[in-house]
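Residue numbers (my numbering), protein chains in the order written: chain A, 116 to 245; chain B, 116 to 245; chain C, 116 to 245; chain D, 116 to 245.
Quick caveat, the hints were computed from the structure, so don't treat them as lab data. All of these numbers come straight from a predicted model, not from anything done at the bench. Among the hints, a few may not be true.
Where chains are identical, the list cannot tell them apart; a pair therefore holds if satisfied intra-copy or between any two copies.
What the hints assert, rightly or not - With a straight-line cut-off of 30 Å between C-alpha atoms, the simulated DSS-like cross-links for lysine-lysine are:
1. Lys-147 - Lys-219
2. Lys-200 - Lys-219
3. Lys-219 - Lys-121
4. Lys-200 - Lys-121
There are 4 protein chains.
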Amino acid sequence: MVEENKIYHHTVNIYYDDTDFSGVVYHANYLKYFEHAREHAIGQAELVRMWDEEGLGFVVYKVEMQFAEGAVFGDALDIRSYCVKEGPFRLNWFHEVWRPGGTKTAVTGVVQLVCINRERRLVPIPDFKP
Amino acid sequence: MVEENKIYHHTVNIYYDDTDFSGVVYHANYLKYFEHAREHAIGQAELVRMWDEEGLGFVVYKVEMQFAEGAVFGDALDIRSYCVKEGPFRLNWFHEVWRPGGTKTAVTGVVQLVCINRERRLVPIPDFKP
Amino acid sequence: MVEENKIYHHTVNIYYDDTDFSGVVYHANYLKYFEHAREHAIGQAELVRMWDEEGLGFVVYKVEMQFAEGAVFGDALDIRSYCVKEGPFRLNWFHEVWRPGGTKTAVTGVVQLVCINRERRLVPIPDFKP
Amino acid sequence: MVEENKIYHHTVNIYYDDTDFSGVVYHANYLKYFEHAREHAIGQAELVRMWDEEGLGFVVYKVEMQFAEGAVFGDALDIRSYCVKEGPFRLNWFHEVWRPGGTKTAVTGVVQLVCINRERRLVPIPDFKP
């Protein structure tokens, strides 16, 4: 499982289908990149195991995003992510998007996850490695 | 259920996220529009009922598409679709994309569907209304 | 152009590609539905005209979303939207997602837009009809 | 530029948003993976340079796909691609999707590209390295 406060890096290549005719990445797509970054931080195999063996899954409960600069076709974005628990039931992920050679963040986001079981009932966030 | 050889019309509005930075609709999206057109022809409620009550679902087996002209932001596309059974197991859908005021088809496609049950085994295409 | 505080309704049909394997609509997609709702409120022809004649376009600057319930395949969602200016440069859109027969909002969002010109410089939000 | 007949490998991780509620990857998404594979074979920097310096871009003209098996969440797909010119104006890409540990191709596709200039006129496919 993930470690709190550790910064995870994930690279996202921007393809044609990430952009729209305004020339930059369509705003909703950053939520996908954030999720891909979280999946790599936690590990897709671990997410599959959690679901298959324990019946547990993460669900997005709240989102905040702010946009300073648009990414363009050909960018290899660095998604920098870390997480902090908020009480037993909430896991806050902080995401930053850095363009190649960028001197400030292009996009920032906070995504709050909760954990549910097979009956879609809220359960505590699973334990982290100490 | 659908009628063979009947032409079904479905309108698709082109939004920002349908386009890419080249200015026209991203090519893969037409497969979505074709599927939306089929879902409206068959009826989403009927698709849900087929799955819930009979455990039957359609799966795409083959696709062919040809592109003559790109649709742009703001277009209200007319998707014209009809279907023909090919033997008991295959259902061929023929799709055309017409742009507003267009004098020829912008995109054409043929999508071959098969029908599977809950065990993902091939079953005959369900009967059509006579 | 849009009227402040007026509630605009926009219907979104949920197709296969809107969902993910968890069975409900993928969270990022609601940002698309919100944008489609805004495009219909403003009018796509007006958006094209603003860009072509005046070189003006809207850009998403900030987003907040909260998720209470997931929409599923076959839902016809009612997206209820209204907007309020915040000073001369910001336009806040408030969006609610209502599922068919729903007794409370499934998803809520606030999207703050700014307006830019061809040089990507901030300009005041264009005047509304009185 | 790419070499004819050389097999290029590209890895695609399957995330939540790639799947739909049937549990497997939504069929249209394979066209995206094929394009991402081509972009990496040609090089995104080369595609940007071609467009900026020479005003040349590739456009999809025809597509054929066949589906044998669905990919699932957590798969790391191997997309195997090679290209062959067909006369001076057409470039055919042959794509195969291999699932981890797969013994046969899950999806196959042929995508025919043409090359256009800034006036959207057809031009010969640019020369390959000998």
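Evaluated hints:
no.	hint	verdict
1	Lys-147 - Lys-219	both (21 Å within a copy, 27 Å between copies)
2	Lys-200 - Lys-219	both (26 Å within a copy, 28 Å between copies)
3	Lys-219 - Lys-121	within (20 Å within a copy, 38 Å between copies)
4	Lys-200 - Lys-121	within (12 Å within a copy, 39 Å between copies)
In this structure, every one of the numbered hints holds.
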